[in-house]
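J.: Model the placement of chains B, C and D on the given structure of chain A, informed by the hints.
Number of protein chains: 4
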Amino acid sequence: MTMGTGNSFGRTFRISTWGESHGGGVGVTLDGCPPRIEITREDIQKDLDRRRPGQSRITTPRDEADSVEIMSGLNPENVTLGTPIAMLVRNKDQRSQDYLENDMNVAYRPSHADATYDAKYGVRAIAGGGRSSARETIGRVAAGAVARKILTMYNGIEVLAYVSKVQEIGTENVDHDTFTMEEVDSNIVRCPDPDAAEKMLARIDEIRKAGNSIGGVVTCVARNVPAGLGSPVFDKLEADLAKACMSIPAAKGFESGDGFAGTLLSGKDHNDEFYIDPETGATRTKTNRSGGIQGGISNGENIVIHVAFKSTSTIGQKQATVTREGNEVELRGKGRHDPCVLPRAIPMVEAMVALTLVDALMMQKAQCELFPNDSQMQPNPMGSTEKGRGVSGMTTGGNTRQRIDEE
Amino acid sequence: MTMGTGNSFGRTFRISTWGESHGGGVGVTLDGCPPRIEITREDIQKDLDRRRPGQSRITTPRDEADSVEIMSGLNPENVTLGTPIAMLVRNKDQRSQDYLENDMNVAYRPSHADATYDAKYGVRAIAGGGRSSARETIGRVAAGAVARKILTMYNGIEVLAYVSKVQEIGTENVDHDTFTMEEVDSNIVRCPDPDAAEKMLARIDEIRKAGNSIGGVVTCVARNVPAGLGSPVFDKLEADLAKACMSIPAAKGFESGDGFAGTLLSGKDHNDEFYIDPETGATRTKTNRSGGIQGGISNGENIVIHVAFKSTSTIGQKQATVTREGNEVELRGKGRHDPCVLPRAIPMVEAMVALTLVDALMMQKAQCELFPNDSQMQPNPMGSTEKGRGVSGMTTGGNTRQRIDEE
Amino acid sequence: MTMGTGNSFGRTFRISTWGESHGGGVGVTLDGCPPRIEITREDIQKDLDRRRPGQSRITTPRDEADSVEIMSGLNPENVTLGTPIAMLVRNKDQRSQDYLENDMNVAYRPSHADATYDAKYGVRAIAGGGRSSARETIGRVAAGAVARKILTMYNGIEVLAYVSKVQEIGTENVDHDTFTMEEVDSNIVRCPDPDAAEKMLARIDEIRKAGNSIGGVVTCVARNVPAGLGSPVFDKLEADLAKACMSIPAAKGFESGDGFAGTLLSGKDHNDEFYIDPETGATRTKTNRSGGIQGGISNGENIVIHVAFKSTSTIGQKQATVTREGNEVELRGKGRHDPCVLPRAIPMVEAMVALTLVDALMMQKAQCELFPNDSQMQPNPMGSTEKGRGVSGMTTGGNTRQRIDEE
Amino acid sequence: MTMGTGNSFGRTFRISTWGESHGGGVGVTLDGCPPRIEITREDIQKDLDRRRPGQSRITTPRDEADSVEIMSGLNPENVTLGTPIAMLVRNKDQRSQDYLENDMNVAYRPSHADATYDAKYGVRAIAGGGRSSARETIGRVAAGAVARKILTMYNGIEVLAYVSKVQEIGTENVDHDTFTMEEVDSNIVRCPDPDAAEKMLARIDEIRKAGNSIGGVVTCVARNVPAGLGSPVFDKLEADLAKACMSIPAAKGFESGDGFAGTLLSGKDHNDEFYIDPETGATRTKTNRSGGIQGGISNGENIVIHVAFKSTSTIGQKQATVTREGNEVELRGKGRHDPCVLPRAIPMVEAMVALTLVDALMMQKAQCELFPNDSQMQPNPMGSTEKGRGVSGMTTGGNTRQRIDEE
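Residue numbers (full-length UniProt numbering), protein chains in the order written: chain A, 1 to 407; chain B, 1 to 407; chain C, 1 to 407; chain D, 1 to 407.
In case anyone wonders, no lab produced these hints; they're calculated from the structure. It cannot be assumed that every hint is accurate.
Note that the list lumps identical chains together, so a pair holds whenever it fits in one copy or between two copies.
With a straight-line Cα cutoff of 30 Å, these simulated DSS-like cross-link-like pairs (lysine-lysine) come out [claimed, not checked]:
1. K286 to K318
2. K268 to K199
3. K199 to K46
4. K209 to K318
5. K149 to K318
6. K318 to K199
7. K209 to K286
Being a predicted model, the structure only gives us computed values, none of them experimental.
Chain A on its own, in the form it takes in the complex (with noise of 0.2 Å):
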């Protein structure tokens, strides 16, 4: 639970972001970012374009360039200067007629934010659902496509998202150590495996011309994540990017390796054995079930969490719902909205997985590397996960932060 009142997300690498739906824009500030990092505006625009509606038949008609204003932090040659990071992306094509001209500005929408809302505040934010909207998550994106650049500096990290199931149609063969983001984007579903997404666009789009909505399953790996990520007891590795991906819009699970699925077998067919990897002498595992993560602490392997998407509430049937009043009518959507959520998640769960990870290395940094690590006291901990590209050195704590300075 961050301060404040629920608008800021981190510790050390804290974001705050701001906005309405149908508001003057939306943005984000970003504090305690390193300072003499270079950040152009095109690193953070990437991020945002694969996150804007309109990109396909598949995500919400709404058009927005989404074009990224960076206000602070930065010195002329891009610089970061360790001071906030204001960034602002201004709405354009709202269009809260569609929100007033019928009944969706006193009914209550099924399954939808803006009923408990009112319940919350007193008030409500009808067009366009306010600060529920989707479009909030603009700040995480542009605030996620720094943490990814700091991510990939510090150690090569990569965070991937992908589509992994659309109900009950999932991928097989997409190998976690190898999938790249220009795969995933090979296809509107952002699903790298080509037979899986041809069927889940078929369902998608059978459930779109229905006027109805569709959910799944985005599954995220990250690589080369140092061991040693994540502060028991509660603070845990799997608690916090919990938490993070569950504040996205629509999810309402979490897993982390196994997840559920894991709770069928037992210590013994769960458990993941150590050996030494023969190549670059590090402790490594023969399997990941635990995802990259034991004791809520990373152990070097590929990170691998599942976000479940439920289908969005608004849909353009008819539904039974109450008015503010307290008369019961019925409904059907009007507004502009994504008949599945999946494809327009894929940024917005890398950004949150990001975020975390750079929060966590900053506050490992700050408690556990404050002071040299002794090697003989660590002489090989845990493994490196860069398998094939001859890294032979170790990667936790101490020794990271050694290697770190051999760069």
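T.: Same frame as chain A, but now just chains B, C and D:
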């Protein structure tokens, strides 16, 4: 992400736990407890007794009375002063020699936290797993008992968990509106469905005798939670609950409402339609696939979550692993461990949910109830869950406050 | 110590500022604002106008309208939504060439922040001092205006500051119960004692003409603050106020009540004896040497604090310094700077005090007013300060709440 | 403002204290301590012994050994595990009857915290002042001893305080570069200027015999603090130090560097000019009116602060007050109290300064030292304070890290 480095939870109702499995003891300090609440040692001990080891043949045989000492925060009449409540349990039956006699002190236990703790901190507290031991949860459960008391006083809020799955064996016919703690505790599995409990117990015994361990799912229900709790966009109620529950040892998955299963439904089928309760006039939902949370805010229906627990990693069978010095060896666990963590996880999950709810309640009070809510502005937002008890009032922000004033 | 890395302030009523002196602009996001508060752009602009440069001959000649744009958090009727309020002021009159033309870009200004910013971040935002510029306080003042509105609504709480000393020239006869903002703003020094103001102005003019700068003391009074605010032991009200005020540029000292002068008195002479106000029945103190805060908690009397501001470091006279490369040189400041920071510090101090009080109010609501305070338990704790207004009620925890309900 | 409701301090190096004057005891939990630090019970006890009551005739006669028990966070070799360090001191010599026998249980002590605690919490812990007692500072001092150890290890940082004024009697000729703890502790006033100490003692004795109490000023110096600590704009080092010190019981004023006296100087006279230290090549300041902090960031010179302590409120003379029921009465304090709080405040101030510095160090590590600082970018930023020790290296961000790696 709480402040500090991982050992505190909550914003205004905030716990900090300390202690290792084989040190002087374990404890918790609760900061932010409302003043003028009557708390007895027995209130605390009752929940600790449900958590303690040695309860039955399916839990660890370590014998600890886990007798709590309240060190501060109460006046002689057992009334809270509003100052920190420190609670302490000393360790008794430690038997560190179980750990020192064999090679557990040098080899890493597969899927256990000892390797990652070593990677993070560069120093090991081998005996008993140190801080990663389930013994750490004593502090959570003790503070959770205070939270439970406050929830009851505030609105008759009840938080009840039960074992809903052991491997693939699931419950049927558990009515979330009516099941009781007595029913849950009527068998050693802590499952209120007697038929399922019997099958679960048979499976656990089988695994236990084989020196293996077993996992499953815990379901938790919170009744009578007022609408309006949770702070979008990052501290959504389900995000905070996810973090709370994913921080419990061995948790690997979290669902809010229908979770992963809900992704199989279209929007039309998943949405919870609204209606007006004819008895109370409250706005209610016909179904509860959202699990009482929409847009990250409680809607007054039962809150329902599910937590996946993997099998415990320490087993009596041989496994391949490596030593700290980097040698590949075989390891067979000694020490005393739970073949099935689920029955003892029940009070842990309840505690984490209760702590999260009190904190959300206090934050709602702080932000949204500084001023009275004008009744004309908010005539009938979201309904009460108290079907049979003749409660016709609203349970939203401002109205809750007014209702409380009448108590 | 707030979360993040220094650019946020407050727990539940929490601001995050961003922006440099010579970048795109400066701004603030306010998280945790109560919903249903009416806020107009004029409410904000009024305080910004008191802070802006170019007001008079004794402040910096930089010409900025400091026109605020409210980007989010309000509905079209200017009512707060309970979501973050983002506010933005673009920079206009930057003249970075003043800085680049001479050697300010290489030499460190004595006692200025540019050397230490360089030491900390390893990168410089030379022009205008970057983030260390007083321009950063725009965000504080904008959010402070919202805080002021809430304080007025809550209990008619007023926060008023004035210049009480310029070097050794001090005020006499300022009645803390009655002086008004109009009196403060009636002269360009912002001192409500006209005789002292005249002498102060003469001194400032003398220093200004010599190309030098001058410091002094600002006193701030908060009236009608209810008893009970402040959270011992670390977030005592005076500790939070100290932090708030010491974070303002050029602040070097803080006093609560009689402060340093109070140390000259014995306990017998310093203690504020209690009496019962015959008119209201309230418990009051005969004197107010404590400055309205005892044991770190407000007691219902006027809160009185003093803040010492050093002379601004940038002056027009020659000074010895060194360059970044380590060469000893002489430097004479160009750019446009305040000869006397005090008049513009008035709205800054008021803002920081108001922000601190709203946050304390919300924390008190969260912890101590979740449940009603039994009147038998607390018949007559601490008194009201509203002497002439016929308020006979209590202003403590539970009673405050009841009084508010009557409003 | 720290999270929780006032009983925690720090961001990454974070303490939470608990305990009342007349309860089971007092204690502290330290979260975020770096692992692999050797800490003995004696390290802690030494500072507690300087704080404990009953040391001399000018402190309270309450007799407490204040023997500390370390409950967690160390391995059997006294090496920190990186997990929370819980420390506990049981109360012994309580004599609550001193409080119950007379009317202290009904009448509010003038200027004492008991009236405001009652206003805030609606319940009283009368005996010994409950949580407002100086006994609460045991936890601060115990954790401060750990901080002191870390500071010494990191850079030979020393934190030393002394009594610089008793009423108007001040020190002369205390050299901030060279005075020692032995000199401070050489007399019971804790003043390293023997002539001043003698006069102070005479004054304290005079006041003590009259049943009265007396206040003064404590000065604290921190040597060898690297440049770069402190996080503008809200967590400036002097703002955090102000909060830290103003949270100590009886503190009513705070100054950084020349503080209030500095406001009498013009900018020209107050500015600290830079020069290059011919021996070390470091950038230094000729004077230190800034007290080692500029722009809220340490500059490598001695950090110098002053804290004003009012006379203790409980005295043996009669005073007018009111009872809880609203009756005007006369009160004469019993119990055992310090006639002069200053000597025992020395370890408290040192502890709060040390805790603040370690936290700032860890935050600097987290944000600004994730990546190495390119030496070409930062050839000679700010200098070292170690004049006579032949240290020629830099003490800024990146360079500090490199220097440490060489140790």
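J.: Does each hint hold? Answer for all of them.
T.: Outcome of the hint check:
For the homomeric pair K286 and K318, the shortest alpha-carbon distance between copies (15 Å) is at most 30 Å, but the shortest distance inside one copy (52 Å) is not. For the homomeric pair K268 and K199, the shortest alpha-carbon distance between copies (21 Å) is at most 30 Å, but the shortest distance inside one copy (36 Å) is not. Taking the shortest Cα distances, K199 and K46 sit within 30 Å of each other inside one copy (28 Å), while across copies they are farther apart (54 Å). Proximity of K209 to K318 under the C-alpha cut-off of 30 Å is restricted to the intra-copy arrangement: shortest distance 15 Å within a copy versus 56 Å between copies.
Proximity of K149 and K318 under a CA criterion of 30 Å is satisfied in neither setting, with 45 Å inside one chain copy and 43 Å between copies. Taking the shortest Cα distances, K318 and K199 sit within 30 Å of each other inside one copy (27 Å), while across copies they are farther apart (44 Å). Proximity of K209 and K286 under a CA criterion of 30 Å is satisfied inter-copy only: 26 Å between copies versus 46 Å inside one chain copy.
Hint check: a violation occurs at hint 5 only; the rest are consistent with the structure.
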